[in-house]
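A.B. asks: Residue numbers (my numbering), protein chains in the order written: chain A, 1 to 171; chain B, 1 to 501; chain C, 1 to 323.
If you are wondering where the hints come from, they were derived from the structure by calculation, not from laboratory data. We put the beta carbon where it would ideally sit given N, CA and C, even for glycine. One should not assume that every hint holds.
To be verified - Lysine to any residue pairs mimicking SDA-like chemistry, simulated, CA-CA at most 25 Å apart:
#1 K132(A) x K103(B)
#2 K286(C) x G312(C)
#3 K110(C) x K103(B)
#4 K110(C) x F109(A)
#5 K258(C) x A55(A)
#6 K138(B) x V387(B)
Unchecked claim - Taking CB as the label site, the calculated pair distances span:
#7 D57(B) x L153(A): 27 to 33 Å
#8 K258(C) x L14(A): 57 to 63 Å
#9 L153(A) x S31(C): 46 to 52 Å
#10 I349(B) x P40(A): 44 to 50 Å
Claimed, not checked - Over the 12 Å line for every Cβ pair with chain A, so calculated as not near, a few chain B residues:
#11 D226
#12 G341
#13 A395
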Amino acid sequence: MSHEVTNPPPPRPLIGRERLAGLCLVAFGLFALYASADLPFFTEGGVGSGLLPRALSVLIILLGIVQLAICWREPPESTGSWPIRDMVPVLVGIFLFALTIRGFDFGSFKIPVLGMAVATPLAIFCSGMAAKDARLVELLIFTVVLSALCIALFRFALGLSLPVAPWLIGY
Amino acid sequence: MMDMLYNLGLGFAVALTLKNVFFCFVGCLIGTLVGVLPGVGPVATISILLPVTLALDPTGALIMLAGIYYGAQYGGSTTAILVNIPGEATAVVTAIDGHEMAKRGQAGLALGLAAIGSFIAGTFATIVIAALGVPMTKLGLLFGPAEYFSLMVMGLVFAVVLAHGSLTKAVAMILVGVLLSCVGADMETGRERMTFGLHMLTDGIEFVVLAMGVFGFGEIFKNLADPEKRDLVKGSIGRLWPSLRDLRENMGAILRGTGIGAVLGVLPGNGAILGPFASYAMEKRLSKRPQDFGTGVSQAVAGPESANNAGAQTSFIPLMTLGLPPNAVMALMVGAMMIQGIVPGPQVIERNPELFWGLIASMWIGNLMLVIINLPLIGLWVKLLQVPYRLLFPAIVAFCCIGLFSISNEPAQVMMAGAMGLVGFALWKLQFEAAPLALGFVLGRLLEEKLRQALIISDGSMTTFVTSPLSAFLLAIGAVALLVAVLPSIRKSRDDVFKDA
Amino acid sequence: MLRFNRRAALALGVALLSTAGLPALAQDYPSKPVTLVVSYAAGGGTDAIARVFASRLEKALNGRVIVENRPGAAANIGTEVVASAEPDGYTLLVGNQGPMAVNPHIFNLKHDPAEALDPIAMIADASLVVVVGPRLPVKSLAELLEKAKAGELVYGSAGNASASHVATLLLGQTAGIELKHVPYKGAGPAVNDLVGGHIDFMVTTIPSVIGLVGDGTLTALAVTGSERFAELPDVPTVAESGLPTYTASAWYGLLGPKGLPQGVRDKLASATAETLADPEFIAKLKNDGGVPSTLSGQAFADFMASERARWGEVVKAADIKVE
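Next comes chain A alone, as it looks inside the complex:
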């Protein structure tokens, strides 16, 4: 790996898509090897819980090296832009949903069980803000309508035991 980094820098993209892919495989394999290091390889009379994970980790590292070897001499291709910032609202929406649907205990700070009545509109509105062409009023109306629909559908039509709004109606 260190060998790879000291490679004379190619013209534009530093590593290139294919090499990055190879490096990712090697890194993932090493990580898995570390994660499964405490597991026994064999047990009396059978395969231990560590055999398959560690064998797979080694194979993945090897494949990563093969991948690096294949693209070694090819000119690196760019992976394009990584517009992580555009995704943040969606991730925030997903996380807010997770934190509010059943509440969350951070130790010093507690989020109560807010239920679907809060979590669903949060998820919809927040992720909707990710679109470059988002329109506030339209999104607000859409959020209200769709949230009501979701509650009606999942909680009442399908009968899933999801908290709706315990702080308001008790369940």
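Given chain A, work out where chains B and C should sit, using these hints.
C.D. replies: Positioned in the frame of chain A, the structure of chains B and C alone reads:
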């Protein structure tokens, strides 16, 4: 033969009563609905409805529950095609080319072929159950742990064929999938593996979390990063329904898929999941343009969808002839029968012929209903794609979040899927394919389970995999398929190297 | 953006559901839906019993009862959820012998079920059955034990530390024989391999094999309960077959967080008793191989304590431990 016709006649007489047709319709409708909704599967739905079925008569109850099951299989493909979220392992294959077709404006064609393919498969599978149900039961019993392990190895080799890009990367993705399937408590010792002390990981990573994250959320991230591409989806909406010519071109794939799916559906322990991608692998092998697979080939939707539906139905065979449930839904069906005071097992055919044959006949009626319910819906689904993406994706996020949470009422699953979405995006950026990952994940669980069971039984002797003729045969097929898949690409890449030099 | 969004959404949520009033206090219990936690995913045996039980309990309590599946960590998550819930009677647990009597011996649990939970009443007690398949053509338990002494037999179980597993361990320990364990994921696939002749025998729940026993595909050698099972009158108990001290069963009970108000406890206990007298519920239990229980309150607590001590010894002797 006459017996069979007589029995089927009895079955249709039972299934065609107004009441049972109604139950069948309700089941198919609920099934389609929960299938379309990502995360809410037939297992949760059926268990919620179980106490309700107490009030119904046994035949009606079972007809309805069965309708939910194959309706859900059907609905799941719709979501896979439209928004690239495979709600179940079997829909992963459909999503590969199905969603590409939808992006090119052929959503109607893809959905239509899926519907018609499923109907043909359902018809054929109904006949198979009626005629060959009992002998086919024996097939499932031949598969002990050793044979099953070899079958999974063969399946993983087929997964290589699914890839349309780099072979190295595809194999790596399969292995990563198998590795991810190892996370969680060890089935033999209960010891936690690679869970980092996280409670939510002790039972392993949920397939739905992986699929919705990598495929569902990943697709949204992809589209947000690339707004031009996402607009192509709405560029042109093709014909809504497939033409006769489309049907003719896909009939071979449908029939082959049906055959493969029907056989694999009988296997215990979810063997049916192999069906769709064995069919995909076969279509790719037979195609004159295998390089187009993965870019929206109709045969790659029609074949696997037929296999899926045929398998979903023949998986009733072990349940009905032996009382052995091959998957979680069938286990619930056992529960439903017990609630009604019917002991599932070989005696059901003799003791409750009207139930047995009525259920079989209702499957065909159910398939007909699914076509009737879904063909008109295709127009609606395609219209759904015309909803501005800025509103479509928040809706997908909401449905996914609720679905993910409802799996085990655990918010952490929702967060994990969100993180998986980023992984999916990174995979796309690095041109790794997600389908082999998902398949490796699904097959990996069974692979290790069966490997270890087989070795316990054989006292740790690896020869158990070749001394069983069936196991040896399956391994041989796998080896040949691997050679066929790998050799050309090794030769080709070597040619490329020489060309460059 | 974030802060605004949150406030807006909260306001929306309030606007959306501003019609209903606040729930009344817990004087006339239950004044809101009761949540019945099941530690397994929807679709399992415990889940099925809990759902039918819940639908009957609703009538007896005259209020809604919602089943909530909180699976995970060998059913320990459900225990934890209820142990740390408010003891107001609105969060209850359907506990069974796995997490209540076996898990405390093999896991490091955050909450000891005996300390953190209040046993309300036992629901049912289900006998298991010893069955053999075509690979081991024996006709009685004595014969099976004979064969096992001659060479190691392979048995399947519904999973590590499941009722099916520990009951077989106890059988082996009582008879003084070595057995080889093949864990499966649930009874279904294990029974499949038993029928296919890939394993020798199994101790499993009665409903998972009763159809196959009736047909002669499998042979039932003995039931593990203290009495014969009505639907299998010719099958002796294990105790009758030469191991007089042996009994094992899968049981289910209703528990709440420690510190339930006495009034709520009494109401729940009498509602459970009423449910268990319902002929339809009894019929359902019978189909699952179970009989309704009469133990409640302290008697149920004592039963759990004795079960826990008993299985603790079995698990210790077999050296099952999850580190």
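A.B. asks: Now, for every hint given, state plainly whether the structure supports it.
C.D. replies: Results of checking the hints against the structure:
The suggested pairing of K132(A) with K103(B) holds, with an alpha-carbon distance near 21 Å, which does not exceed 25 Å. Distance restraint check for K286(C) and G312(C): the Cα-Cα separation of roughly 28 Å exceeds the 25 Å cut-off, and the hinted pair is therefore not satisfied. In summary, the hint linking K110(C) to K103(B) is not supported, as the alpha carbons are separated by about 50 Å, beyond the 25 Å threshold. Proposed proximity of K110(C) and F109(A) is supported: the alpha carbons are some 21 Å apart, at most 25 Å.
For a cut-off of 25 Å, the pair hint linking K258(C) to A55(A) is broken: about 47 Å separates their Cα positions. Between K138(B) and V387(B) the CA atoms are separated by roughly 50 Å; this puts the pair beyond 25 Å, and the hint is violated. In this structure the supplied range 27 to 33 Å holds for D57(B) paired with L153(A), their Cβ-Cβ distance being about 29 Å. Separation of K258(C) from L14(A) is about 60 Å and conforms to the stated range, judged on CB atoms against 57 to 63 Å.
In this structure, L153(A) and S31(C) break the distance hint of 46 to 52 Å, their C-beta atoms being roughly 27 Å apart. About 48 Å separates the C-beta atoms of I349(B) and P40(A), a value consistent with the hinted range of 44 to 50 Å. At roughly 9 Å from the closest C-beta of chain A, the C-beta of D226(B) falls inside 12 Å, breaking its exclusion from the interface. Listed as outside the interface, G341(B) is consistent with that label: its C-beta sits roughly 25 Å from the nearest C-beta of chain A, beyond the 12 Å cut-off.
Separation of A395(B) from chain A is inadequate, the least Cβ-Cβ distance of about 6 Å not exceeding the 12 Å criterion.
The structure fails to meet hints 2, 3, 5, 6, 9, 11, 13 from the earlier list, while all remaining hints are met.
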